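Construct the entire structure; sequences and hints are all you get.
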Amino acid sequence: MTNSHPVSGSPDKEPATEAAQAEVAGANRAATMNAPKRPDEPRPSLGRLFLENLWAANTVTVTVLALLLAMLFGAVLIIVSDPEVLATYGYITARPGDALNASWTVVSEAYANLFKGAVFDPDATGFQAAMGPISETLTYTAPLVFTGLSVALAFRGGLFNIGAQGQATMGVVLAAVAGFALPLPPVVHLIVALIAGAIGGAVWGFIPGILKARTGAHEVINTIMLNYVAVYFLSWIIIQNGVQNPDRADAISKPVDSSAQLPRLLGDDLRVHAGILLAVLATWFVAWLLNRSTLGFELRAVGANPDAARTAGISVTKTYVLVMAIAGLLAGLGGSQMVLGSTANALTPLVVAQIGFDGILVALLGRVKPWGVLLAALLFGALQAGGNRMQSYSGISLELVTVLQALIVIFIAAPALVKAIFQLRAARAARLQTSLAKGW
Amino acid sequence: MEPGEIHALLGENGAGKSTLMNVLYGLYQPDEGEILVDGKPLKLKGPSDAIAAGIGMVHQHFMLVPVFTVAENIMLGAEQVKGGIVGFLDRRRARREVAEVSERYNLRVDPDAVIEDLPVGIQQRVEIVKALTRDVDLLILDEPTAVLTPQETEELLAVMRSLKAAGKSIVFITHKLGEVKAIADRITVIRRGKTVGTASPEASRDELAALMVGRSVKLTVEKQPATPGKPILQVSGLVVDDDRQVRAVDGVDLTVHAGEVLGVAGVQGNGQTELIEAIMGLRPTLAGTVTLDGQPIHGWSTKKVLHAGVGYVPEDRSVDGLVKEFSVAENLVLDIYDRPPFGKGLALKPDAIARSAKERIEQFDVRTPSADAAVGTLSGGNQQKVIVARELSRPLKLFIAAQPTRGVDVGSIEFIHSRVIRERDAGTAVMVVSSELDEVIGLADRIAVMYRGRIIGLVGPDTPREEIGLLMAGITPDAAGATPTGGAAGGPDAGTPAPTPESPGNEDKA
Numbered sequence: 001m002t003n004s005h006p007v008s009g010s011p012d013k014e015p016a017t018e019a020a021q022a023e024v025a026g027a028n029r030a031a032t033m034n035a036p037k038r039p040d041e042p043r044p045s046l047g048r049l050f051l052e053n054l055w056a057a058n059t060v061t062v063t064v065l066a067l068l069l070a071m072l073f074g075a076v077l078i079i080v081s082d083p084e085v086l087a088t089y090g091y092i093t094a095r096p097g098d099a100l101n102a103s104w105t106v107v108s109e110a111y112a113n114l115f116k117g118a119v120f121d122p123d124a125t126g127f128q129a130a131m132g133p134i135s136e137t138l139t140y141t142a143p144l145v146f147t148g149l150s151v152a153l154a155f156r157g158g159l160f161n162i163g164a165q166g167q168a169t170m171g172v173v174l175a176a177v178a179g180f181a182l183p184l185p186p187v188v189h190l191i192v193a194l195i196a197g198a199i200g201g202a203v204w205g206f207i208p209g210i211l212k213a214r215t216g217a218h219e220v221i222n223t224i225m226l227n228y229v230a231v232y233f234l235s236w237i238i239i240q241n242g243v244q245n246p247d248r249a250d251a252i253s254k255p256v257d258s259s260a261q262l263p264r265l266l267g268d269d270l271r272v273h274a275g276i277l278l279a280v281l282a283t284w285f286v287a288w289l290l291n292r293s294t295l296g297f298e299l300r301a302v303g304a305n306p307d308a309a310r311t312a313g314i315s316v317t318k319t320y321v322l323v324m325a326i327a328g329l330l331a332g333l334g335g336s337q338m339v340l341g342s343t344a345n346a347l348t349p350l351v352v353a354q355i356g357f358d359g360i361l362v363a364l365l366g367r368v369k370p371w372g373v374l375l376a377a378l379l380f381g382a383l384q385a386g387g388n389r390m391q392s393y394s395g396i397s398l399e400l401v402t403v404l405q406a407l408i409v410i411f412i413a414a415p416a417l418v419k420a421i422f423q424l425r426a427a428r429a430a431r432l433q434t435s436l437a438k439g440w
Numbered sequence: 001m002e003p004g005e006i007h008a009l010l011g012e013n014g015a016g017k018s019t020l021m022n023v024l025y026g027l028y029q030p031d032e033g034e035i036l037v038d039g040k041p042l043k044l045k046g047p048s049d050a051i052a053a054g055i056g057m058v059h060q061h062f063m064l065v066p067v068f069t070v071a072e073n074i075m076l077g078a079e080q081v082k083g084g085i086v087g088f089l090d091r092r093r094a095r096r097e098v099a100e101v102s103e104r105y106n107l108r109v110d111p112d113a114v115i116e117d118l119p120v121g122i123q124q125r126v127e128i129v130k131a132l133t134r135d136v137d138l139l140i141l142d143e144p145t146a147v148l149t150p151q152e153t154e155e156l157l158a159v160m161r162s163l164k165a166a167g168k169s170i171v172f173i174t175h176k177l178g179e180v181k182a183i184a185d186r187i188t189v190i191r192r193g194k195t196v197g198t199a200s201p202e203a204s205r206d207e208l209a210a211l212m213v214g215r216s217v218k219l220t221v222e223k224q225p226a227t228p229g230k231p232i233l234q235v236s237g238l239v240v241d242d243d244r245q246v247r248a249v250d251g252v253d254l255t256v257h258a259g260e261v262l263g264v265a266g267v268q269g270n271g272q273t274e275l276i277e278a279i280m281g282l283r284p285t286l287a288g289t290v291t292l293d294g295q296p297i298h299g300w301s302t303k304k305v306l307h308a309g310v311g312y313v314p315e316d317r318s319v320d321g322l323v324k325e326f327s328v329a330e331n332l333v334l335d336i337y338d339r340p341p342f343g344k345g346l347a348l349k350p351d352a353i354a355r356s357a358k359e360r361i362e363q364f365d366v367r368t369p370s371a372d373a374a375v376g377t378l379s380g381g382n383q384q385k386v387i388v389a390r391e392l393s394r395p396l397k398l399f400i401a402a403q404p405t406r407g408v409d410v411g412s413i414e415f416i417h418s419r420v421i422r423e424r425d426a427g428t429a430v431m432v433v434s435s436e437l438d439e440v441i442g443l444a445d446r447i448a449v450m451y452r453g454r455i456i457g458l459v460g461p462d463t464p465r466e467e468i469g470l471l472m473a474g475i476t477p478d479a480a481g482a483t484p485t486g487g488a489a490g491g492p493d494a495g496t497p498a499p500t501p502e503s504p505g506n507e508d509k510a
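From first to last, the protein sequence lines stand for chains A and B. Using UniProt numbering, the first residue of the first sequence is number 1, and each one after it goes up by one. Using UniProt numbering, the first residue of the second sequence is number 1, and each one after it goes up by one.
A hint or two may mislead.
Stated by the list, open to error - Derived CB-CB ranges, DEER-like:
#1 B:G167 with A:T215: 47 to 57 Å
#2 B:D372 with A:I221: 33 to 43 Å
#3 B:T289 with A:T215: 25 to 35 Å
#4 A:Q423 with B:P41: 39 to 49 Å
#5 B:S370 with A:T215: 39 to 49 Å
#6 B:A354 with A:A181: 46 to 56 Å
#7 A:V231 with B:T289: 49 to 59 Å
#8 A:W288 with B:T289: 37 to 47 Å
#9 B:P395 with A:I210: 28 to 38 Å
Since the hints were derived computationally from the structure, they do not count as laboratory data. It should be emphasised that the depicted structure is a prediction, and the values quoted were computed from it without experimental measurement. We treat Cβ as the ideally placed atom computed from N, Cα and C, and that holds for glycine.
Laid out in structure tokens, this is it:
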């Protein structure tokens, strides 16, 4: 149905006009690039539409291409960092085959190992070996889903939660203490430990939330600062009496009772644990919360337009506090898994690894949508798991994986770059960019 | 325009004054017609062309970098550099220029002060200095007094006089009659995008007001005489500050009865916005009471006020009325999402929301591709219909509509007006605030005119528009010597002395 009304009002305030102008601009660009398109062209076929859509700069295309670009850059890094391969480039004019062969071998082997370590090894025999890579991937994925959801949820509420790391740290501390200090029966103990972790994270999220709501203090600054507080709190509490492992001289806490540990899903030799099931559950919960609950409605309204939300009677301050508390709760649950799962069973200063910061990347890569976050976490988990094998089999340092992750996110965050490289038609990339930058 | 002339451009909101001046400044391109400077046609591609042609502009909303100093802001866009390609900013020279210009035109500004620390009046002075350092001959001031306190206005007028003495021409855009008469050499009145007349400052306020509000376009609204019932909204002695802690509403008393439309007329910025926001619980009340159906509601949260049976169409739909990223369906429940049948406990009922959206879209003739389309993609009129549909879709005691048809096409205006009247006939108390006099006269059963935070007059809808226009300009019938008509009922503040033409800002509000 077409709008028969002329567009009225001041043109500079009309949002539709801006979009239309962008469209026109895009069309102009397309016209200068390709042959000019006649307006009375017959309707394109379904197949053609599909192809056009594939080549338009939509979310999926940009994500896939960003992955591809990142791997391309990674390949260059692999070649440059291998002295033997680099040596063949010394006589590339004389025997170019050598250089190309050597490069191809080292790169293909590296990426093959990445794949084998993360998904499936065709040479593996037996159930355990076949499932090993998947098990590793899922083990790394589970906590990232939680921290990713934490960042994504806050983002939808208009807040940039850089503090997932600190919230996860508080979560891991409380979960571990509950895990070794409370003598409880198996199932109850696990639940209590998880709740303790969730509370730790929620409190650590609540603080910047209430500061933002009451005083307007910016959550980015406060969450970053609270990250430091949490990290050093962890270092301090580990060496306290009653927490530190009495048999050890170094900074390590008592181990969590087995009654408080997440059950393993595929037998004792595979590390995958029930955390991944909780992660799927949490994803479903956050998706429901955002799209099907009154709280989610408030949250999205506040995130998109706080003025309109306030005018409609929604308490913006209350929403900010709640959003941060729930985000912290999720991050706290993610942190808990680092000690209740199979990664470790005692607190050490580095027990949380980087899951909070990786959560920011996961949330951006997942386009701050719950199921997108789950997929992004899966990708990051796979890169982590595969990177381990790549390191031990191909001798390529694990840091390359971190570089790959960073490159992927950079390309995602700069859709215009990907668009330019692949000459994609202008589509929704501009909107994508603003959605990522809006938290500031 | 003559050299050394102050030319006032007078017109209501949305009459096209700012658009015309933006064309002059090269921000917009003309569709037709041409601009002549010194007899030569001029093609302006952007503000830099305009500056080169000697045209400078001070916008209604200042274009300054808050964290820069005055000197830095002034050299912005025309940075002087020294040291060849190294390109050091020549701050000293910028400061000297600022000092020179402020000396020459008696515009005192401190070149080293940081913009965000300065009061609005001084910031405006910085804008003027900035334009003057570019050697402009024609200065456009777009509603320069809208944001100023009376004292600051007074100072600005003095500045304008000294500029005129220095041979600069000034285009002065405003809708305040007093200022125009005080300073202008020539007055052009614009209405709905057309020049409707030229006047000299000797013309009486009545003539100017008549020209400005116009008589030609009358949107008649079909309605029966009102049958007012018991008082629903009672406001007494209400005092409210605006965002700058300046008194915006200064002791307002008004009553809206069930089944009548009270129109609040007034030039924008006379406290109407703050009055409504205070009633809606969006702004703290400093003194006075607001009662709804006998129940005091001041100090209540917005949600509680809405739940008590108040419908509210905010003034600025894109900022306060709608979440543009949300779908039409979601916007249709923006303030009732948590009440049955749309929400129960924590759960939202998407089916109920979709069903109700379908009904409302049909009932209110919202032209949208689907209920799931983002509301930001709709035209202004249809966006407004979404808000009206939302607010009128539940039983109301009081319906408040602020600028309900601003930036809305004619078809939608008619539709929205008929809906407002229908709501009145259903026995709801209705309050319409608008700076469009036509709208107020067409809809209202009684008209309250607001001026400087007070109700300056309370008149019937049959009052001649010239008289209402005068009230909007702050001239009460007694002071202006006009004969009060039968419909006029003196408001509580009818005796407020009107400012004399020579000093439009003599009333101290602070």
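Tested hints:
The hint said 47 to 57 Å for the Cβ distance between G167 (chain B) and T215 (chain A), and at roughly 52 Å that hint holds. For D372 (chain B) and I221 (chain A), the hinted distance range of 33 to 43 Å is satisfied, since their beta carbons lie about 38 Å from each other. Evaluation of the 25 to 35 Å hint for T289 (chain B) and T215 (chain A) yields a pass: the beta carbon distance comes to about 31 Å. The hint said 39 to 49 Å for the Cβ distance between Q423 (chain A) and P41 (chain B), and at roughly 42 Å that hint holds.
One distance hint, 39 to 49 Å for the beta-carbon pair S370 (chain B) and T215 (chain A), holds here, with the actual separation near 42 Å. In this structure the hint that A354 (chain B) and A181 (chain A) lie 46 to 56 Å apart at CB holds, the actual value being about 51 Å. The hint said 49 to 59 Å for the Cβ distance between V231 (chain A) and T289 (chain B), and at roughly 54 Å that hint holds. Taken as a hint, the range 37 to 47 Å holds for the pair W288 (chain A) and T289 (chain B), whose Cβ atoms sit roughly 44 Å apart.
Hint check: P395 (chain B) to I210 (chain A), Cβ distance near 37 Å, so the stated range 28 to 38 Å holds.
In summary, this structure violates none of the numbered hints.
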